[in-house]
Amino acid sequence: MPSKDLPAEELRFGRIPINNVTPVVECGRIPAKAIPGEDLVIGATVFREGHDLVGVSAVLYDPEGVEVQRVRMHPVGIGLDRWGALLRPEATGNWTFAVEGWADVYGTWHHNAEVKIAACVDVELMLAEGVALFRSAAAGRSAEDAAVFTAAADTLADSGLPVEDRFAAGSSDAVLDIIDRDPIRDLVTSSARFPLRVERELAGRGSWYEFFPRSEGAVLDPTTREWTSGTFRTAARSLERVARMGFDVIYLPPVHPIGTTHRKGPNNTLVAGPGDPGSPWAIGSAEGGHDAIHPDLGTFEDFDAFVDTARELNLEVAIDLALQASPDHPWVSSHPEWFTTRVDGSIAYAENPPKKYQDIYPLNFDNDYTGLSEEILRIVLMWIGHGVKIFRVDNPHTKPLKFWEWLIKTVNDKHPEVIFLAEAFTRPAVMHALGMAGFQQSYTYFTWRNTRRELEEYFTEVSSETAAFFRPNFFVNTPDILTEFLQYGGPGAFKIRAALASTASPLWGVYSGYELYEHVARPGAEEYIDNEKFEYKQRNFAAAEAEGRSLAPYITRLNEIRRSHPALGDLQNLTVHSSTDEATIVYSKHKQVRPGDPSSRDTLIIVVNTDPHSARECTVSLDLEALHLDLQDFNEDGTYWVDDLISGQSWRWGAHNYVRLDAHVEPAHILSVRRNS
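Per our numbering, the sequence shown runs over residues 16 to 692.
Just so you know, these hints were derived from the structure itself, not from any lab. There is no bait here: all hints are sound.
Restricting the straight-line Cα-Cα distance to at most 27 Å, the calculated cross-link-like pairs of lysine-lysine (DSS-like) are:
id, residue 1, residue 2
1, Lys404, Lys417
2, Lys552, Lys370
3, Lys552, Lys371
Work out the full structure, taking the sequences as your base and the hints as a guide.
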């Protein structure tokens, strides 16, 4: 059957073929992730038959379906038929985008005329075709644009002028300005419209700080050696310290009652003393479960006051959503079907062989999926009612994926501002699927990526390959994770990891004590000795800072840089550059803050010595095109100025630059490319 008789919906290709549009997740069934003001990298493979040229546009539609942005796409690579552009949604909601391919009528004529006129072939015919092209294109345009096109046609038709002058009229600055702004298009073909879920800024940008409220203000009696727990009221006094360092989110581990059965003692021992507080993740006792507050921390009134204080300091409170229970949780007696009963009649406790968590019962969704799901939804909504808009979810990969998809959608339909962070250190496919199921962000493998090559590969992956559905939050440490790099790297290691995390991802996090260089691990484990998960901890932050033993000023500076440089707020704008040293990583981030205004460009070059034990020297080679420099940015000798945002020094740089970074002094350059325009 001739193709003209086939219904359009049965055809895979339109008049101009459009393939492999990105970012598209699961063929468009799942929205790609975005935040307001973020530049999204749009890509597509577009071509046509023969030798005529094609043009490609990316089009952005707001939640009402109204076109709000249209940009010309540009070739990516040579001979690949791949095109790219940036789109920038400016508000939250369910947006869409499409790619349009079209016959580039002007580009085809201009290319053919240029070649033929230079070869003295069909000269008058090519000029006549230009006349017809401009006269036809003038119709329907503004009076000003029509006048430009008409003047071009008149000059092209003037046989009394030299051929070179006639042809030049077809590519004047005025003509090219119109063509760039409103090209002459034919055979316009559009892709499907693909979904974008644009969520609030903290879903994709932010600095997190974790502390245990029971340690903030905890008091140890020097005589009896008994502890008095910190409370929400005492912890609220620590919020100003966190805010001064420039953090956006204060994350609290579980704040619920803690079970006593099989309670863990210090350093995860199996026997707890009478004064040992137990792990906050062993949730539930006679005082209540996930909808209750540990009596030592205070009341809901105290929690609400804590949230209010945080809000006044421009901090948001995130709490832990740990879907598990201690043997003393009310659910164990009221809903035993929510757990797994073994053949001997006992309830199965949590295991991660060889680790055993006898103080925790994992949940089993298979016996009463609906009842358990609705109970968890009730709990989440209850905490939202107390001002919580961010949930850090413990081990989400141990729960059914369909549950998370349902829960997050149900919550976000009613509360689109709510954010879920997946604490899922597991297989890549599972972590990625959690992002597709709705988790706004996730913990990552960054914690274990330490060498230059490891970091280059991982930064490239999360910034370009998985960015549509997986937002990486680069935590430098957690109560469970103290890597060998930090155990043995000295203060330089702490600076290195903080500089990398805060500049490579728009999301990063710190667990309390990092700024004090806490680095001693429990023998045989990758976690802190005297772990705060199982005991109270007193820290004198003020004394450490006063004595110059604190990383807090450095962390504060990093967060200041993040807030003052918009380029660090986007995920997909990272470019890896090269160096001659195997331990020195180089990458840049670029953003044009106000589209169309070159003077608003923000470009940073980050150079980090990843070896915490020594000084490293190398030559850094940069892809200048990725820096988006203009001619006026260069000095007379072909160099340009960079300003180090850490040290305050400035240098003239070029394509190849000598760098020396001493991990014992300062392991990182964060260089702002100075704009002379």
